[in-house]
Amino acid sequence: MSEVSNKEVLLRVENLCQYFKLDRTTVNKAVDNVSFDIHKGEVFGLVGESGCGKTTTGRSIIRLYDCTSGSVYFKGQRICAGIQSYKDAISAARKEKSSCKDPARLEELNKVIEDNRAAIKSAKADHKNVDRSLLNQIQMIFQDPIASLDPRMTVRDIIAEGLIIKGIKDKEYIDNKVYEMLETVGLVREHASRYPHEFSGGQRQRIGIARAIIMEPSLIIADEPISALDVSIRAQVMNLLNDLRESMGLTILFIAHDLSVVKYFSDRIGVMYYGKMVELAPSDELFRHPLHPYTRSLLSAIPQPDPNYEKNRKRIVYNPVADHDYRNSTPSFREVEPGHFVLCDDAEFEKYSKIVSQG
Amino acid sequence: MSNEREKKLQVKDLTISFRTINGKLQAVRDISFDLYKGETLAIVGESGSGKSATSKTILGISAANTIVESGEILYDGRDLLKISEDDYHKIRGDKISMVFQDPLSSLNPIMRIGNQITEAMLLKNKANRKESHKKLSATLAALDDAMKASGCDEDKDRFSTFKKIIGVQSKYEAPYSQAHSNAVAGLKAAEDMLLAIRKEAVANPVSEAKEVVDYFKASVDRFVVNDADTVKELYSSIMKAARSAAKTHNYDEMVPLLEKGCSLLKAAIEEEVPDFFALGCWTVLDGNVLGDEDATALNKKTAASLGSPFIIGFIADIKKALEYTSDKSVKDMKKALEVLAEAKRRLSSDMPDKADVDRIVKGVSDAVEKAIDPLETVKDSYAYTFRVSIDSAVKTYYDDIARNQAEEKRFLKQTARYEKLEAKGKAPEAKVAPLSLADLKLVQENLVKILSNMQQQFEKRVSDVSLFDFDKRSRSFMLWLRDTAMAEIRVVTKSMAKDRAIRVMEQVGITEARKRYRQYPFEFSGGMRQRIVIAISLTANPDILICDEPTTALDVTIQAQILELINKLKEERNLSVIFITHDLGVVANMADRIAVMYAGKIVEYGTADEIFYHPAHPYTWALLASIPDLDSKGNKLESIPGTPPNMIYPPKGDAFAARNKYAMEIDFEEQPPMFKITDTHYAATWLLHPNAPHVEMPEIVRDRIARMNGGAK
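These protein sequence lines map, in sequence, to chains U and A.
Mapping of the first sequence onto the working numbering: residues 66 to 424, in sequence order.
Mapping of the second sequence onto the working numbering: residues 18 to 730, in sequence order.
Hints listed in this document are in silico derivations from the structure and should not be mistaken for laboratory results.
There's no promise every hint is true.
Restricting the straight-line Cα-Cα distance to at most 25 Å, the calculated cross-link-like pairs of lysine-lysine (DSS-like) are [stated by the list, open to error]: (1) A/K458 to U/K379; (2) A/K54 to A/K112; (3) U/K376 to A/K54; (4) A/K181 to A/K318; (5) A/K585 to U/K376; (6) A/K337 to A/K173; (7) A/K426 to A/K441; (8) U/K105 to A/K653; (9) A/K54 to A/K693; (10) A/K205 to A/K216; (11) A/K143 to A/K24; (12) U/K86 to U/K186; (13) U/K376 to A/K587; (14) A/K489 to A/K180; (15) U/K186 to U/K162; (16) U/K379 to A/K585; (17) U/K94 to U/K152; (18) U/K186 to U/K166.
Input sequences plus hints: build the corresponding full structure.
See the structure below:
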């Protein structure tokens, strides 16, 4: 795990915010100031309960939503950028300017406004003129294999759609590619002419995977790919993803709510709670030293196939009001030990450091 | 299996098929299990293994294309597969209740939560009153006849006097119970408010205080909070104090007033419960008038009235009547037994023609119904449903004959067409759907089984007749009359239903139940919605709760909460739970016993410890191997190859053989029987046969079990 930090960063998410306006005054902060890196070749797990913003994060990265603020860099290039934070900075500076008398300060504020305007301009330009071929390298696998496949398209059409949009017209090439992908995911050629409803749940999810990997992506965002599947089929899909990861050198952002699956699958895990990333650590480390109380509550809720363990399992309830004392301080995302980040304030930081140093 | 525990539900040899356009799909094949009182039975299996088909059949809500081919589901001495829809109404929801998988689709989106919870209560009350009225008048008429026939004294006013007593009882009891429950709730609300004041966490003093004093007001009753004036005074002074506290944030004035209210309610709750029946006798028979004495004093006064000559005479007359009808019914039973034996003899060999069968069946039904004791208060016996069940069995038999003929015709026609095409040399694409004929032998056996069941019941009854204690029975008969008469006049008003609903909502962990009562389902999160579904199913105090994948649509933390809730309720109410899921990990915490189902059969059956620590069937191994646990990093999961078999064409041997890497030749030839491993642990696999080679379970499962056992020590 130690060499992970030296690895090339494939995707960098910086201060990503995704707000949804509910009405004129209320804003739902689905994702609030989330930052993380994904290294090349790793599986990054994102967990949290439903409604905590993990799917929104994935969708913002692939630009299904226009992010409110923050940036996403893929292979060093900015692929999406939001401007709300710059706008806020400008309006704050303007407000201060109206009551400010000090000429030096005024100069400073003018510069701030100027800078932010330039930033908005470049963000807008980056967002608009992003290299489409770069975006093709990020593909998504959706949660529900029934809802995500068009029932009126044959499997061939579904899998080939990405190639056609990309502009490939050579029919023979497309057909061969589709057959190759079907065989990669463990289906057979004959399946190409069928419709989605003729397949079982696990096979449908395989079609979804084939659709994603035909674009030869370097990053796959897997949004709860196994939550809607039966237990025995889950193992098939997980094994398939694992094989593909090795054979194609994929990097995967794995979104799920089931911690035991994420633990099995991921190298590093980020835990989200109500739009905020509360803890990020290598998966073994996270299970050895869960620091944030929410992570601990999440870990304590996992059922195990072991009656004796289950009889003694005590679920820890997370109550953000009782567990944190943030009246005098604002929490920030800090590194407690190399690679292990927690959302905490000063007092908690010391407490957590002590826990970690004690082992 | 421990015999001293009460069996709540028995499923015997149940076989269920679905009629589809492609042929008959065998969803459940010959499964049997028992459910004991207060235990959780988990049924685990892949989708399509027949778990939901089983549970829906138990509840009598299976789809229209379902054919229950054979089997019995015994609840309370009755076979649920044979009873009529009207009888099912009394069981479904009331005795057996169900929590569905998806809370979003099992709640009505345009009805407020409160209405959805109280709906069943109000409807049930209406139905119960009607039912009680019918039952009471029928029983009283029968009793009157029996009394006359057994030579009791003529007393025309007997029943009207009795009804008068009940009227007095109900007049005082209904307001008492409502006021009492309000007093309990009010005490809790007041204590909560005091706590909030102490913690300085009162958000809205006026509305919170209003809630408390509303309870105070509602608990005023002759026998609960007697002092209406004090409550009135308390009401206005608390509200006044709350209004001033809202401005000043000073609660000093409120605290003593609330404490006064608390002590008032506490005293009221702790007071003795008056005996309302005795009170009825006291006023009606002895002509006394109720003064303002408290419950303790009143109970002392009224106790003597229970021994008044009217009551003693009434019980004695009932005893005579009971003895008379019982004698008569035993005589009729002996006659009916002869008819039954004759009918059984004729129906168990070759079936006679239809007219004959109809005549035989009618004769048997008449004889059985004549043997029913009209004064039997517990009507849950075979005899009442005998006519319906035997009629339906006969009808099934003749329907099946007609269907078989049509099916054969179709098959011949299709085959002929197919052969014609083939003869022409066109390789036809069309397939001929295979012949699916109903097994007439089986249907006939069912029919005979109904007869022999009835025979057994009657024989037992006839031989038990000397054990009857008529003194005891006559007393309990009078109590039954009293309760039924009460049920006839007991009205559940909307406000009573609301009180009850709020209490159930609090029980399932919904906070601010009073506010939540008026919200719509979309205003709740997934976990809260599932709690409401559970609350609805609990309002009727069921014995058995069937949970059909209640947590599959929920995420891990919510899942843990719901499982804890179901466990808690099970303890509190001594419920029997059937928990259906596909996730073995979930049931380790819940289940006392586990049945693993595959392709419509139970393949392994045992206690939770046995299934998790000593699994014996390859399918159970595969299920265990396919779930990752927190330590199984890196090693490849064992997935089960292939898909479950198409149950329109069930495989010949073991259904799991094709996907089983431990399969032997015999697995493709013959279905394995249930091998007994311990007294509670059974598995259907040939690997347990003494001649089978020794096979180890997969490494990943073995490792995990070793690790778990290590951890347990």
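Regarding the pair U/K376 and A/K54, is the alpha-carbon distance no greater than 25 Å?
-> Answer holds: U/K376 to A/K54 is near 20 Å, not above 25 Å.
Straight-line alpha-carbon gap A/K337 to A/K173, limit 25 Å | holds, 17 Å
Hinted pair A/K54 and A/K693, Cα distance within 25 Å | Holds, because 24 Å separates the two Cα atoms, which is no more than 25 Å.
Take a quick look at whether A/K54 and A/K112 sit within 25 Å of each other, Cα to Cα.
-> Roughly 13 Å between the alpha carbons, so the hint for A/K54 and A/K112 holds.
Assess, step by step, whether the Cα of U/K186 is no farther than 25 Å from the Cα of U/K166, and give holds or violated.
-> violated, 29 Å
A/K585 paired with U/K376 [C-alpha distance capped at 25 Å] | Cα-Cα ~13 Å, so holds.
Hint consistency between A/K143 and A/K24 [alpha-carbon to alpha-carbon, up to 25 Å] = Answer violated: A/K143 to A/K24 is near 31 Å, above 25 Å.
Given the hint that A/K205 pairs with A/K216, test it: the Cα-Cα distance must not exceed 25 Å.
-> holds, 16 Å
Assess, step by step, whether the Cα of U/K186 is no farther than 25 Å from the Cα of U/K162, and give holds or violated.
-> Holds, at roughly 22 Å.
25 Å Cα cutoff - pair U/K376, A/K587 = The given pair, whose Cα atoms are some 15 Å apart, holds under the 25 Å limit.
Within a Cα-Cα threshold of 25 Å, do A/K489 and A/K180 meet the stated pairing?
-> Holds: A/K489 and A/K180 sit about 22 Å apart, inside 25 Å.
Between A/K426 and A/K441, does the CA-CA distance stay at or below 25 Å?
-> holds, 23 Å
Comparing the model with each earlier hint shows violations of hints 1, 11 and 18; every other hint is respected.
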